[in-house]
Amino acid sequence: METNGLEHVIEVTGLRRVYGGGFEAVRGIDFTVRRGEIFALLGTNGAGKTSTVELLEGLAPPAGGQVRVLGHDPYTERAAVRHRTGVMLQEGGFPSELTVAETARMWAGCVSGARPEREVLALVGLASRTDVRVKQLSGGQRRRLDLALALLGDPEVLFLDEPTTGLDAEGRHDTWELVSALRDAGTTVLLTTHYLEEAENLADRLAIMHDGRIAVTGTPAEVTATEPSRITFDLPDGYHLGDLPPLGPMGVGDHTVDGRTVRLRTRDLQRSATELLVWARDAGVELRRLDVRSASLEEAFLTIAKDASAPAPHGATTEEYAA
Amino acid sequence: MSTTTTTPAGRMMSLARAELTLLGRSKGTLFAALFVPLVLPLSVRSAAEEMDLAEAGLTPGELVLPAAVGFSLLFAVYSSLVGVYVVRREELVLKRLRTGELRDAEILAGSALPAVLTGLVQCLLLITGCTVLLDLSAPSAPHLAVLGLLLGLVISAALAAFTASWTRTGESAQVTPMPLLIVSMLGSGMFVPLELFPDRLASVCELLPLTPVVSLVRGGWTGDLTAGESLRALTIALAWTVLAVFAVRRRFRWEPRR
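Chains Z and S, in that order, are what the protein sequence lines are. Numbering of the first sequence is given in the numbering used here, commencing with residue 820 and proceeding in unit increments. Numbering of the second sequence is given in the numbering used here, commencing with residue 237 and proceeding in unit increments.
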């Protein structure tokens, strides 16, 4: 149970989920989430994120493998788990004719050790909307109401399925701050998201899912380190690729040329960029549209997502990421 | 940190309270649940005038009251609850509730409570109404009437959950309760007492889910139900309840189909 002195609050081993029609949405995944950590599940649509989270929430039994939340099976031992978890589903789930306050009151009556509803509604910025019917709320406000309900019982573990979808930039930042503060106070958070920025800003560790499997997992830095950095520029007039210094010794792994645009991929960005710029200065040329960027989560994500649209959608391609 | 833990009763009350608020805001359901069961008995009354009630040994009140209780169970409890379950599923409310501490049975029971209470209050009003307007005498075997009424409420709620299991949308929830409504009105002795049916047909109709309820309530007033007949009615009613609960446990859908 203890690794590096940190308790594993969520343990997933060999997890599989198969739907009625035989569709295998989750194809054997493993990961652990430590106490007080924010863990993000990233992935394209249909990658299996929500299917996975629902198993962790105990809404359905897995087709194979095992889930442990706080040391218990969330499906068969729900009574041992539910009062310690907070859940925000991907979509609302509120009667449209109840007001915000009535919805919160209803949920508070079903949550052990519930905090005062007003306090939680204020926390998510809904204090002025308590008498508004749910159907009149904007999509973003509904997301925040959902978050408020998930927080009502001061949960030890929080499951957030796309918590900021539908929120504007400001609302998204507010939610990030709130979730960070919860983590700092010791809450363990598992969230899914489409937004790479969200995972990069918020997550201590993340896993990118693709086609029901985990393609990569690690800290945002570890995951981005799997991808090379990029240098892009336009060749000056009258120059050819061969006029550049030898690419290998510059640390460049590979390159592409598209018209006059050159793209270099490197795992040693500082050396490659320095060599290139020193060359340009000595040659007295201007590298127009110069763009130097370190690897981002986006690149790691896109590399994996690219295979989602590749012709062989099942199995095969994912194996190479497993390492 | 506060350590107040919730109880099943507390959780169900909280849910029932929200559901009661919603019932008050749903004009259509409210109309069907409140108005229909109070008006339909009038049609039974006029039907009663064309019937030879003496042959069945019944006074008009003894025909109208059990029928009125039946209407109340069918409209205020059964069909309005089918709608409640289906709409809550469509709104993903049921799924949401299942992520929390509420157990499945608590969700179904808590949601049913307002409709069941409406049915109960309505039946009490109807009893008062029949007593005043139709010179209905006091019940001769009140325990049977009480038992019949309570079983009726439970059966109606359980059958509503069962009907909701295979009803896909709020719109189809307007239609799917129809078969039971029609079969019960025709065959459970609501308009026409089973005593006036051909024997073979009557013995089949006895097995319908609301027939034992109507018989027990009527028997509660007339007092002419033998111990064997009462036991038989009770058995049929319990069998339906068990069957419905079993089917719901296996078949109830908590989420809309994808």
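Since the hints were made in silico from the structure, they are not lab data. Positions of the beta carbon are idealized from the N, C-alpha and C atoms, including for glycine. The reader is advised that the hints may include incorrect statements.
[As the list claims (entries may be wrong)] Between beta-carbon pairs, the in silico distance windows are:
1) Ser957(Z) x Val272(S): 31 to 41 Å
2) Val478(S) x Leu1121(Z): 26 to 36 Å
3) Ser999(Z) x Leu360(S): 53 to 63 Å
4) Gly260(S) x Ser947(Z): 20 to 30 Å
5) Asp1023(Z) x Phe267(S): 51 to 61 Å
6) Gly985(Z) x Val272(S): 39 to 49 Å
7) Ala941(Z) x Gly260(S): 23 to 33 Å
[Claimed, not checked] The following residues of chain Z were derived to be distant from chain S, with all beta-carbon distances above 12 Å:
8) Leu917
9) Asp1023
10) Ala1099
[Said to hold, decoys possible] Not close to chain Z: a few residues of chain S, all C-beta gaps over 10 Å, as computed:
11) Ser262
12) Phe267
13) Ala283
14) Glu291
15) Gly336
16) Leu353
17) Val390
18) Glu407
19) Met421
20) Arg436
21) Cys441
Verify this label for me: Ala1099(Z) is non-interface relative to chain S, using a Cβ-Cβ cutoff of 12 Å. 56 Å, holds
The output says Cys441(S) does not contact chain Z. Does that hold with a beta carbon cutoff of 10 Å? 37 Å, holds
Since Phe267(S) was said not to touch the interface, does its Cβ keep a gap of more than 10 Å from each Cβ of chain Z? Nearest chain Z Cβ is 16 Å from Phe267(S), so the label holds.
Has the hinted range 39 to 49 Å been met by the Cβ atoms of Gly985(Z) and Val272(S)? Given about 40 Å between the Cβ atoms, the range holds.
Would the least Cβ to Cβ distance between Met421(S) and chain Z come out above 10 Å? 31 Å, holds
Quick check on a hinted range of 51 to 61 Å for Asp1023(Z) and Phe267(S), using CB atoms only. With Cβ atoms ~55 Å apart, the hint holds.
Please test the hint of 23 to 33 Å on the beta carbon pair from Ala941(Z) and Gly260(S). 28 Å, holds
Once the closest CB in chain Z is found, is it more than 10 Å from Leu353(S)? Holds, since 17 Å exceeds 10 Å.
Assertion that Asp1023(Z) lies outside the chain S interface [Cβ separation over 12 Å]: Consistent with the label, Asp1023(Z) stays out of reach of chain S, its closest Cβ about 24 Å off (over 12 Å).
Is the Cβ of Ala283(S) more than 10 Å away from each Cβ in chain Z? 38 Å, holds
Mind checking the hinted window 53 to 63 Å against the Cβ distance between Ser999(Z) and Leu360(S)? 56 Å, holds
Separation of Ser262(S) from chain Z, once the least beta-carbon distance is taken, above 10 Å: 7 Å, violated
The structure fails to meet hints 2, 8, 11, 15 from the earlier list, while all remaining hints are met.
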